[in-house]
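Enquirer: The lines below spell out each chain.
2 protein chains.
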Amino acid sequence: MANPLTRESILDAAEQVLRRFGPSKATVVDVARALGVSHGSVYKHFSSKAELRDAVVERWLKRTSDPLEAIVTNNEPPKERLRHWVEALMTSKRSKVTADPELFATARELFTEASGVVDRHIENLSGQIARILADGVEAGVFDIADIEGTARAVLDATARFHDPAHAAEWVDPRSQEAFARVWALIVAAIARDRDNR
Amino acid sequence: MANPLTRESILDAAEQVLRRFGPSKATVVDVARALGVSHGSVYKHFSSKAELRDAVVERWLKRTSDPLEAIVTNNEPPKERLRHWVEALMTSKRSKVTADPELFATARELFTEASGVVDRHIENLSGQIARILADGVEAGVFDIADIEGTARAVLDATARFHDPAHAAEWVDPRSQEAFARVWALIVAAIARDRDNR
Numbered sequence: 001m002a003n004p005l006t007r008e009s010i011l012d013a014a015e016q017v018l019r020r021f022g023p024s025k026a027t028v029v030d031v032a033r034a035l036g037v038s039h040g041s042v043y044k045h046f047s048s049k050a051e052l053r054d055a056v057v058e059r060w061l062k063r064t065s066d067p068l069e070a071i072v073t074n075n076e077p078p079k080e081r082l083r084h085w086v087e088a089l090m091t092s093k094r095s096k097v098t099a100d101p102e103l104f105a106t107a108r109e110l111f112t113e114a115s116g117v118v119d120r121h122i123e124n125l126s127g128q129i130a131r132i133l134a135d136g137v138e139a140g141v142f143d144i145a146d147i148e149g150t151a152r153a154v155l156d157a158t159a160r161f162h163d164p165a166h167a168a169e170w171v172d173p174r175s176q177e178a179f180a181r182v183w184a185l186i187v188a189a190i191a192r193d194r195d196n197r
Numbered sequence: 198m199a200n201p202l203t204r205e206s207i208l209d210a211a212e213q214v215l216r217r218f219g220p221s222k223a224t225v226v227d228v229a230r231a232l233g234v235s236h237g238s239v240y241k242h243f244s245s246k247a248e249l250r251d252a253v254v255e256r257w258l259k260r261t262s263d264p265l266e267a268i269v270t271n272n273e274p275p276k277e278r279l280r281h282w283v284e285a286l287m288t289s290k291r292s293k294v295t296a297d298p299e300l301f302a303t304a305r306e307l308f309t310e311a312s313g314v315v316d317r318h319i320e321n322l323s324g325q326i327a328r329i330l331a332d333g334v335e336a337g338v339f340d341i342a343d344i345e346g347t348a349r350a351v352l353d354a355t356a357r358f359h360d361p362a363h364a365a366e367w368v369d370p371r372s373q374e375a376f377a378r379v380w381a382l383i384v385a386a387i388a389r390d391r392d393n394r
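Quick note, the sequences are listed as chains A and B, same order. Read in order, the letters of the first sequence correspond to residues 1 to 197 in the numbering used here. Read in order, the letters of the second sequence correspond to residues 198 to 394 in the numbering used here.
Do not rely on the hints blindly, as some may be mistaken.
Said to hold, decoys possible - Taking beta-carbon pairs under 8 Å as the criterion, some of the chain A residues facing chain B (in silico): (1) Ala99; (2) Asp156; (3) Arg160; (4) Ala165; (5) His166; (6) Val171; (7) Pro173; (8) Gln176; (9) Ala184.
Stated by the list, open to error - The calculated lysine to any residue pairs, modelled on SDA-like cross-linking and capped at a C-alpha distance of 25 Å, are: (10) A:Lys93 <-> B:Ala364; (11) A:Lys44 <-> A:Arg59; (12) B:Lys259 <-> A:His166; (13) B:Lys293 <-> A:Glu169; (14) B:Lys293 <-> A:Arg181; (15) B:Lys290 <-> A:Glu109; (16) B:Lys290 <-> A:Arg181; (17) B:Lys222 <-> B:Gly233; (18) B:Lys276 <-> A:Ala180; (19) B:Lys293 <-> B:Ala247; (20) B:Lys259 <-> B:Val225; (21) B:Lys290 <-> A:Lys62; (22) A:Lys25 <-> A:Val117; (23) B:Lys293 <-> A:Asp163; (24) A:Lys79 <-> A:Arg59; (25) A:Lys93 <-> B:Glu306; (26) B:Lys259 <-> B:Pro220; (27) B:Lys293 <-> B:Leu265; (28) B:Lys259 <-> A:Ala168; (29) A:Lys79 <-> A:Gly140; (30) A:Lys93 <-> B:Ser372; (31) B:Lys246 <-> B:Thr270; (32) B:Lys290 <-> B:Ser262; (33) B:Lys290 <-> A:Thr64; (34) B:Lys293 <-> A:Pro164; (35) A:Lys62 <-> B:Ala375.
Just so you know, the hints here were simulated from the structure itself, not pulled from any lab data. Where is the CB? At the ideal position from N, CA and C, for every residue including glycine.
Excised from the complex, chain A in its bound form (with noise of 0.2 Å):
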């Protein structure tokens, strides 16, 4: 290969890979084969087989979780800014089992096995509504006793609408109905005042 062996291109080769062969098969020695280098130049960038594929499920995180970022600091009052983040969890999710099935029944597989870099996605994520929610609650909307707290409810009382394993619902079109149901009890829960329900 021409190109000089990154990081990124060593990424990007081991995403094909794994998606070709799985999880289980796929190895250091077809990563460097796809590649055209020896093994010995990828494991210059990553030491073993584990510290590969958790920097592919982080990199693979990344893109749900950075475009998130964005919201929690733009300008929209802190009750839309909220919805807007988990209906953007949402649609990402979404977006990305029906563009490449198969890529991410291998990304699920593979969280398995990474459940330390899931983990700290998850933490992210839930980080980034408590500074949404912490906005809210220096604005006077919302009222909440426990902000990190609350912040893992709200993703996890979602669950239903972003985490993978509810996959096969998604084509149901009752579930945007369900979504609005579980989004009012959210918002009754913190808004200060009950009547804005």
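Let chain A serve as the given structure and place chain B on it in line with the hints.
Expert: Just chain B now, kept in the frame of chain A:
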């Protein structure tokens, strides 16, 4: 077989046959053979394989919903009764995975085929929650604008803790805290006295 052929004995046999052969391979002839009767005798009770399958699923789901019905009408205060009800649903699903993982996996496969029966089951569960919520509104402890919608939202918001799609996560000891956080969110949404959170 010496015993008379009843609906219940056919369902018992069908459950065993489904577990052994899987939903796609099991036939009415297999069920009849397991009972030592002709398939004509089975068809006297169930007019098609689909009807027999739906009856198996319905009976399976009633094992969850019937004991919950007893909680709906007990004497606990509504808030405690609702938590008790949701925890009983969680315990029921968890004990079914633990007791017989194979049958649980078979049941999940059947659910996707018997969607009408599953929809009625979910409406039944949601209706049970709605009755507890209505009792709480009447007793002045809950403040809920849309009882039916909130009931369904409570079921959906707790999916992570009782929906079979999440069975693999239930072994995680952190799921207890996760439930406590979602429960606090639900109470904040429905309790009349917000300081009661």
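Enquirer: All hints are to be evaluated individually against the structure, with a verdict given for each.
Expert: Status of each hint after checking the structure:
1. Ala99: violated, 22 Å
2. Asp156: With a closest approach of 5 Å, the Asp156 of chain A hint holds.
3. Arg160: OK, holds: Arg160 of chain A within 8 Å of chain B, min 4 Å.
4. Ala165: holds, 4 Å
5. His166: holds, 6 Å
6. Val171: violated, 12 Å
7. Pro173: Hint on Pro173 of chain A: violated, closest Cβ of chain B at ~13 Å, above 8 Å.
8. Gln176: violated, 12 Å
9. Ala184: holds, 7 Å
10. A:Lys93 <-> B:Ala364: holds, 20 Å
11. A:Lys44 <-> A:Arg59: The given pair, whose Cα atoms are some 19 Å apart, holds under the 25 Å limit.
12. B:Lys259 <-> A:His166: holds, 23 Å
13. B:Lys293 <-> A:Glu169: holds, 22 Å
14. B:Lys293 <-> A:Arg181: violated, 29 Å
15. B:Lys290 <-> A:Glu109: holds, 24 Å
16. B:Lys290 <-> A:Arg181: holds, 24 Å
17. B:Lys222 <-> B:Gly233: It holds: about 19 Å lies between the C-alpha atoms, which stays within 25 Å.
18. B:Lys276 <-> A:Ala180: holds, 23 Å
19. B:Lys293 <-> B:Ala247: holds, 24 Å
20. B:Lys259 <-> B:Val225: Holds, at roughly 22 Å.
21. B:Lys290 <-> A:Lys62: violated, 33 Å
22. A:Lys25 <-> A:Val117: At roughly 21 Å apart (the allowed maximum being 25 Å), Val117 of chain A and Lys25 of chain A satisfy the hint.
23. B:Lys293 <-> A:Asp163: holds, 23 Å
24. A:Lys79 <-> A:Arg59: Not OK: Lys79 of chain A and Arg59 of chain A at ~29 Å, beyond 25 Å, violated.
25. A:Lys93 <-> B:Glu306: holds, 24 Å
26. B:Lys259 <-> B:Pro220: holds, 19 Å
27. B:Lys293 <-> B:Leu265: Roughly 15 Å between the alpha carbons, so the hint for Lys293 of chain B and Leu265 of chain B holds.
28. B:Lys259 <-> A:Ala168: Since the Cα atoms of Lys259 of chain B and Ala168 of chain A sit roughly 24 Å apart, the hinted pair holds (cutoff 25 Å).
29. A:Lys79 <-> A:Gly140: holds, 11 Å
30. A:Lys93 <-> B:Ser372: holds, 22 Å
31. B:Lys246 <-> B:Thr270: violated, 36 Å
32. B:Lys290 <-> B:Ser262: holds, 11 Å
33. B:Lys290 <-> A:Thr64: violated, 31 Å
34. B:Lys293 <-> A:Pro164: holds, 23 Å
35. A:Lys62 <-> B:Ala375: holds, 23 Å
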